[in-house]
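Undergrad: Protein chains in written order, with the numbering used here: chain S, 1 to 120; chain X, 1001 to 1517.
Honestly, I wouldn't trust all of these hints.
Chain S is faced by these chain X residues, among others (derived, beta-carbon under 7 Å) [claimed, not checked]: (1) Ser1039; (2) Leu1046; (3) Leu1446.
It should be emphasised that the hints constitute simulated quantities derived from the structure, not laboratory data. Where is the CB? At the ideal position from N, CA and C, for every residue including glycine.
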Amino acid sequence: MPIDFLPVFLMVAVVIMLAAFILTVSRLLRSDNPYPEKNRPYECGIDHVGEASAGLFKVQYFVIAILFVVFDVETMFLFPWAVVLADLGLFGYIEMVIFIVMLLVGFIYAWIKGALEWEA
Amino acid sequence: MSRQSIELSTLDNTAVDLAAIGQSVLASGPEIIIIIAASVVLMLSLVPHPRQDQLLAGVSIFMILLAAGMSYALSDYTLSDNTKTAYAGMFVIDGFSTFFKVILYLGTILTVLMSASYFRNNGLNNNEQRKEGVVQGEYYALLLFALAGGMIMVSSTDLLLIYIGLELQALSIYVLTGFLKADTRSNEAALKYIILGAFSSGIFLYGMSLFYGLTGTTNLNDMTTALLTLDLSDPMLILATLFMLVGLLFKVGAVPFHMWVPDIYQGAPSPITAYMSVVPKAAAFAILIRIFMLDLAALQPIWLLNVAAISVLTMAMGSFVALVQTNIKRMLAYSSIAHAGFLLLGLVAGGEAGIASIMLYLLVYAFMTIGIFAVIILLNKGITAGEPIEDFSGLATNHPALAFMSLLFLFSLAGIPPTGGFFAKFYVLVALVDQGQIMLAVLAVLLSAVAAWFYIRIIMLMYVQPPALQSKVRSEIQLNLPIRTVLLVATIGTLLTGLLPAWFLALVAASMPLGLG
């Protein structure tokens, strides 16, 4: 039984080694020139002296992140579906329409509630 | 879709078994109706309407009744391949699931009916609150989603599907718990519930993954056969069983996994507290029964002693701590812990009698709990005022009918005949004694005598104490039609289960799953 999981362990080992390898190589190759602005967390192009540095984040980031997840998952479903659509035929088409309509309910709700507005 | 057709369709890779899918859709019709209803309610809530609350509540109730009708029609219906399973054996529409769905429908409809009164009593209907975003649409939609989750739970025979149902229900209830956005207690309760709920789901999921590793399947029926070849003393199997058990005991609020119950019951809006103590509890017990008493009954030697100890601890803890509570919702939270302990005794008793006693108990419990919460909602004087037990004092002089109904619910909760609560407890004890567990039965009776004290304390307040100096507030108790209906249904249910227990027990026995070992 444990031998069945050998590929999983191999995968884990390869991932760890690859990560260690990349970090080591980049450490050796890169020029090291830190200064305060560079060490700050990246903030999507928003000026970093704003309210985020006072410990407050705009809640809009959170809403956008949530909405992104929803539509990202939708895309994840759409890609494999599109590949086999010809085999699935009309039924597969209808099934995806049902899925998208259900997402649409959530989208309309979010839109009307103003989740897509960026209020300062 | 049957097992063979799945294999066929994976063989030629292109064929979509439309007939089997049609059967599956038909079998899950009630769930589909409820999910459509939730979506419709959510959309309707976006359109301003002068009597929006009534409209949304009306749509919700109509759709639940529609789903109930469909469940009733399906209960006698066999799918084309002469089974009652759908979705490749993941979903079943047996009498057992239909019985639990009836409890879920009942609980949800009564909650919807109570809600209008609650939000009006707390002034949550005015424009100021609307501006803050406390509106009703999401409330009803979330209730329906929670109902759909519960229905999926009771109908599924696959661990993955059980988990999806559990999460759909739990996530909706987390939000409903924190529905009073302006109230800190409600927010705190929601946060605690999310953290502990996620924690317990994680434990449950871990148990599932261990089971999957041991048996190679998530389907409960396939697991039954896989278990035959496993050694029950395998530490991995013991760990898996205990993890899954602990995850579910968290959901029913058994000691020592009960810490979340009082805070969350107290903080949540009262209708949601009523809902929480009926619907998720019934659904959680349904999966406890389905997993541990039906499909994986072979595991019984592993958990029997643990559950027996936990049930006694739960009853003791719930009964003794409830004695010193001054907040009625907190007291009922401990009372619900004590009831969970009693229900777990049915699990210990095992067999057909044990299952039947749990099912009957949950039905009776739904009636009496919803009833007493309806009274609490009527007495509620705003979120900030809290719910002191003294609210009940002198109720008999001002509102004799309401006091009498409360008396019935409290008698039933205490387990005093001629109410349903007596027979609910009675059948659990009979099942226990039949199994020779006399000691446990004696303990259970003694602890319910302790529990009876705090119910009778409220009755004393109602009938002996003079009314508190709030006659102005008293006269403001508004008995509108929905809450009247709730009280009536709860009273009739509590009384009928007490007067015709044999009929209800026969009903339960008829919905018992066949082929019980």
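Undergrad: The structure should be examined with respect to each hint, and the outcome stated for every one.
TA: Taking the hints in turn, this is what the structure says about them:
1. Ser1039: Holds: closest Cβ of chain S sits about 5 Å from X:Ser1039, inside 7 Å.
2. Leu1046: holds (5 Å)
3. Leu1446: Hint on X:Leu1446: violated, closest Cβ of chain S at ~48 Å, above 7 Å.
Checked against the numbered hints above, the structure violates only hint 3.
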